[in-house]
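Undergrad: Residue-level listing of the chains:
4 protein chains.
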Amino acid sequence: MAVRVGVLGATGAVGQRLIQLLEPHPAFEIAALTASESSAGKTYGQAAKWRVDSPIPEEIAEMTVTATDPDEVPDDVDLLFSSLPSSVGSAVEPAFCEDGYVVSSNSSNSRMADDVPLVIPEVNAEHLDLLEVQRDERGWDGALVKNPNCSTITFVPTLAALAEFGLERVHVATLQAVSGAGYDGVTSMEIIDNAIPYIGSEEDKLETESRKLLGEFDGASLTHDEVEVAASCNRIPTIDGHLENVWVETEDDLSVDDAADAMRAYPSLDLRSSPEQLIHVFDEPDRPQPRMDRTLGDGMAIAAGGLRESTFGLQYNCLAHNTIRGAAGASVLNGELLLENGYL
Amino acid sequence: MAVRVGVLGATGAVGQRLIQLLEPHPAFEIAALTASESSAGKTYGQAAKWRVDSPIPEEIAEMTVTATDPDEVPDDVDLLFSSLPSSVGSAVEPAFCEDGYVVSSNSSNSRMADDVPLVIPEVNAEHLDLLEVQRDERGWDGALVKNPNCSTITFVPTLAALAEFGLERVHVATLQAVSGAGYDGVTSMEIIDNAIPYIGSEEDKLETESRKLLGEFDGASLTHDEVEVAASCNRIPTIDGHLENVWVETEDDLSVDDAADAMRAYPSLDLRSSPEQLIHVFDEPDRPQPRMDRTLGDGMAIAAGGLRESTFGLQYNCLAHNTIRGAAGASVLNGELLLENGYL
Amino acid sequence: MAVRVGVLGATGAVGQRLIQLLEPHPAFEIAALTASESSAGKTYGQAAKWRVDSPIPEEIAEMTVTATDPDEVPDDVDLLFSSLPSSVGSAVEPAFCEDGYVVSSNSSNSRMADDVPLVIPEVNAEHLDLLEVQRDERGWDGALVKNPNCSTITFVPTLAALAEFGLERVHVATLQAVSGAGYDGVTSMEIIDNAIPYIGSEEDKLETESRKLLGEFDGASLTHDEVEVAASCNRIPTIDGHLENVWVETEDDLSVDDAADAMRAYPSLDLRSSPEQLIHVFDEPDRPQPRMDRTLGDGMAIAAGGLRESTFGLQYNCLAHNTIRGAAGASVLNGELLLENGYL
Amino acid sequence: MAVRVGVLGATGAVGQRLIQLLEPHPAFEIAALTASESSAGKTYGQAAKWRVDSPIPEEIAEMTVTATDPDEVPDDVDLLFSSLPSSVGSAVEPAFCEDGYVVSSNSSNSRMADDVPLVIPEVNAEHLDLLEVQRDERGWDGALVKNPNCSTITFVPTLAALAEFGLERVHVATLQAVSGAGYDGVTSMEIIDNAIPYIGSEEDKLETESRKLLGEFDGASLTHDEVEVAASCNRIPTIDGHLENVWVETEDDLSVDDAADAMRAYPSLDLRSSPEQLIHVFDEPDRPQPRMDRTLGDGMAIAAGGLRESTFGLQYNCLAHNTIRGAAGASVLNGELLLENGYL
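Chains as they are written, first to last, in my numbering: chain A, 1 to 344; chain B, 1 to 344; chain C, 1 to 344; chain D, 1 to 344.
A couple of the hints might just be wrong.
Put simply, identical chains are the same to the list, so a pair is met inside one copy or across any two.
To be verified - Below are the EDC-like pairs computed for lysine to aspartate or glutamate, each with C-alpha atoms no more than 20 angstroms apart in a straight line: (1) 205 x 115; (2) 42 x 58; (3) 42 x 69; (4) 42 x 225; (5) 49 x 184; (6) 42 x 59; (7) 49 x 216; (8) 49 x 286; (9) 205 x 53; (10) 205 x 226; (11) 42 x 226; (12) 49 x 59; (13) 205 x 72; (14) 49 x 309; (15) 205 x 309; (16) 205 x 251; (17) 42 x 114; (18) 49 x 204; (19) 49 x 283; (20) 205 x 216; (21) 205 x 62; (22) 205 x 168; (23) 205 x 225; (24) 42 x 98; (25) 205 x 286.
Derived from the structure by calculation, the hints contain no laboratory data.
If we strip away everything but chain A, and leave its shape as in the complex, we get:
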């Protein structure tokens, strides 16, 4: 029997992707859609300007949107996927958790809180048990789990695959797609024939979230990893798919072949949305490329390529679909992990 789920912030870019992924999902059944007050009471078809690349499912179009308020969401809904603006998320997500809902959230608020697991299932599924600490401390029946920022998700799996060599220093430059800023985030006048070498607070997310994700959880508390990360973020005129240039310096010697082997061997999980091969390593030096490779593994794989010896350590490129693996798909995957681990 499918778990009844809701989508908080259902009309936005990530909200639409969430619906696209959840609607055919055998384990989940969409039973609630929330948005801002101005959309409450409308059908979803009226409230959302649907822009995903598959038609809007009819029964979803006819559902009534409610306000993003625990009182408006049916009690038999167990799991909520949240893609709220972080200012809204920080206000209402705790209220939902207090009311007993389990929330798998893509919003950036609280990602770095000590008792909130920040999870990429294939990388640090064991951090999920931080929820026990969270429930103890906060007295919640519900729970709050976060996935990282889209640009963080893109490169952390490759770092995790190389962790055995002793990660020391990482430089990462990102070439990020416009969809990462939401439908209205980047105007056409800003980005056609242009690039913008700045995305507000994005660099900090790569630098800090990566250390939390690679950290160790001892059952009681989480110690962040000591790898030092420096990030530089750019927006470019691509629709979907974040491309990243990475340099890694490691304690142990790390050859190109060892790195490729480690990435290819890095295990995926049995969760429904996990791709068969988590990291796909290209031998062609000019891959991965956003338009060509963003849909690998239905948008849930990480693509890597261009592995080469750098002046300092190893150098490579990686890519992930920012609104699937990097956002909506990440939250769905965390939902599957919550289900598998008995949190629902």
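Assemble chains B, C and D onto chain A, guided by the hints.
TA: For chains B, C and D alone, kept in the frame of chain A given last:
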């Protein structure tokens, strides 16, 4: 009286920019245009598919194109600007030099040769005197001077401005415009809604040319600088303007303010094509941007911005117009330097 | 002595272009800048996110922005250039006119009003005298003159050039640049790798404004031309420059050569912003193109090309820079015409 | 049992799409791949630079490419899909037909020949029997059937749906994607921030192929329809999906509702590649759009929208995926029709 000049490889992208810059130039008079055998004998208007953003000058359109052969270029031409494919350049540039022509070349061949000055006038004008060594060794009446690769020119002036702090390690990621590959270099199917994290042998150019440019010439030989540079190069869907993300680690402490001051104070030259302000430092964190800032100083300035403390040293972005400051304008500037220093 | 002028709606896309054109203009001196209440009191540098391709003039950046209200604009300002949203324009432009200001407006409100001259100086300068009727009827000391919509301006001069052949039926399909919708008008997610075959009420503007522009003014009233026009409008991923495909059926025979001759012979004016050659006719079948040809005549020329016999009558393409010739430049040109004709 | 098929010109853009569509096709089995002499002898993986958005099928990558020569193709191959350059196609397609192969061709050569059926199965399947005439006249055991040009396929189904109202005059302006020109057909410098109002001989194809497609076959000869068509063709910066603006004047009155009904009611076929709904009519005025709607019906549907009363008759927009419905999918569909009608 204007120096009579010629353009080798006049029909290509850089060749057209050279003509656009040289035609109104008071010190130079275009007296020869060469191209491949298939264009020889045609008028320039017939031979070239003119694609620069100003109309083709009428008297240029009517000039007859000759083969790229010393015998075909009038003897009273003193200075040749070369934008030949490097395979052609390596074959014919020495022949022109032997014949007594002074060649200011943008082609990549011979840039790293011990007796060939690689020059950005504002950075290392004194290297020009390596021509004495060159003439001695090669027995040439003419001379061969090179400008660096477009992506090298973009960041080296900023490094030169920071050299006083003791450059140690540099990481640079580039976001390069399609014009850098020539008119037919990047197809639309390759780059619309896409980015390509690979440009053949480009990374090596940034890593090695930068050390030569920052090196010391003692009157007899050139010692390359010891700064270590790691580069990662990307092509993105912009027409003109290479944007670069740079991390610099220095021996001495280097604050954001010190770096901005050093860049702003870095002197320009009195040469006609040198901009009044060589490095323009933006305070806005989201600048420079290719479409907005590539024409600063008529395309000859370097734009910098986003200076911030990094996890490792200093971090910033820089930008230059790749076919003006990075190619045609660079060769013209070297021509002006040759003239000023009595090599013509 | 320069006429003191103001810009209403100075922070928007057309407002910025107006400043770019007016600041170096010898006949005009910018003495007032207005914007919405939220900008009033700020310096222009603070209020405007400057995005034009030349640096913001320093003295303009330091001017204080006022609300768009006749009481806030100095009395010694004679001429106002308006690029207000039409809803604002329809409310406040009449108030300025009543207060004695002459307003050259790009806003779409009142363009079709019987007593408001809609003017492209090279096409129908004589319509300006409709201002006498306007002043009589409205009791204004000031005056209101309009320029047409950017997509209308692009093709009407070519129709005017062919009018002697007896215009009967016109079909026009437009490929319009994103800047026509203002800075925030088209998001990047809407237009990258895409086209939008709809621009709200744009088709009606082409169909009706063209008839008014080509109409006859007998000193008392204006009769619209009887040419029938059908328009289809598309937004495409270009920054500037509206390209249009036109089919014209005429009463008299109209050969390709006759049409080209008529366009080339169509006179420009002596006004400062009028280009030397109004309509530039290309012989190359693949021109004009937006990026290549939009800056002809400093953005004030009309480019035409691809003239050929159609299944029905004559077929050709035309192009104009939509924010210069099609908007800000059009208003400035009307300002010059007002000055020349003694309305200031 | 699957019919053994071959792909002529297998390494090009349409060739790759053909392989992508044929490889999973239950009725066809790929048994031969041909390309130019320079590719012969290589594996397909070596010969083709695979750029389609799904990974290259492994067994296809390992097949050996042969020259495009009847002697090189196995005799047990019955059906050939051809996407050769038209100059090559006109030379070798007849040789294959003479040798007994049935050829379903996307190449433009011979499309207008009197005895060559030009077929869109849902529009004029009955024209296929022109093959009897062809075999009689040419003495072929094989047969040659053509699909129209991609821009023709986009609008002809909508005309066919309106034919009952008596088509008289049609104007069509196209906004075509770069993939229609093949991988190297349009350079990035030509099209970024640009549009090109010219595609060589494309307009003629829309004007003449449409009349042949809508013509009547009486069992002996084909009479072209008398509708008059005027076309204007533009290339824009989209990857896939041709968008077209259409004006239709009809003998009988044609309301927007009647037109929408007729399009929606226009029947599809039971062929495997035919979409369930052939023409999808949008009510939203701003649809169809290339990136949003090109994959309707797996890229085999026609999208229409923006139906409105025009100054002259009816006006609307339509869209189809140019390399699927407009090229590779069109040829596959004709292959299915040939199979169903017993020509294999």
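Undergrad: For residue 205 and residue 216, with the copy left unspecified, which applies at a CA distance of at most 20 angstroms: within, between, both, or neither?
TA: within (19 angstroms within a copy, 41 angstroms between copies)
Undergrad: Is it within, between, both or neither when you check residue 49 against residue 283 at 20 angstroms Cα-Cα?
TA: Classified as between: cross-chain Cα gap 14 angstroms, same-chain 40 angstroms, threshold 20 angstroms.
Undergrad: As a check of your reading, is residue 42 near residue 225 (CA-CA no more than 20 angstroms) within one copy, between copies, both or neither?
TA: neither (46 angstroms within a copy, 47 angstroms between copies)
Undergrad: For residue 205 and residue 168, with the copy left unspecified, which applies at a CA distance of at most 20 angstroms: within, between, both, or neither?
TA: Within one copy only: 18 angstroms inside, 27 angstroms across.
Undergrad: Indicate which option fits the pair residue 49, residue 286 if close means a Cα-Cα distance not exceeding 20 angstroms: within, between, both or neither.
TA: Between copies only: 12 angstroms across chains, 36 angstroms inside a chain, cut-off 20 angstroms.
Undergrad: What label fits residue 42 with residue 69 when the C-alpha limit is 20 angstroms: within, between, both, or neither?
TA: Within. Shortest intra-copy distance 16 angstroms satisfies the 20 angstroms Cα cut-off; inter-copy 39 angstroms does not.
Undergrad: Reference check for the pair residue 205 and residue 286, CA-CA at most 20 angstroms: within, between, both, or neither?
TA: For residue 205 and residue 286, only the inter-copy Cα distance (17 angstroms) is at most 20 angstroms; the intra-copy one is 27 angstroms.
Undergrad: Are the CA atoms of residue 205 and residue 115 at most 20 angstroms apart within a copy, between copies, both, or neither?
TA: within (18 angstroms within a copy, 48 angstroms between copies)
Undergrad: Should residue 49 paired with residue 184 be assigned to within, between, both, or neither, using CA atoms and 20 angstroms as the limit?
TA: both (12 angstroms within a copy, 17 angstroms between copies)
Undergrad: Give the relationship of residue 42 and residue 226 under a CA distance limit of 20 angstroms: within one copy only, between copies only, both, or neither.
TA: Result: close neither inside a copy nor across copies, 49 angstroms intra and 46 angstroms inter.
Undergrad: Taking 20 angstroms as the upper bound on the Cα-Cα distance, should residue 49 and residue 204 be classified as within, between, both, or neither?
TA: Neither, since 32 angstroms and 25 angstroms both go past 20 angstroms.
Undergrad: Using 20 angstroms as the alpha carbon limit, work out where residue 205 and residue 225 are close: within a copy, between copies, both or neither.
TA: Within one copy only: 15 angstroms inside, 35 angstroms across.
This entry does not satisfy hints 4, 7, 9, 11, 13, 14, 16, 17, 18, 21 and 24, going by the numbered hints stated previously.
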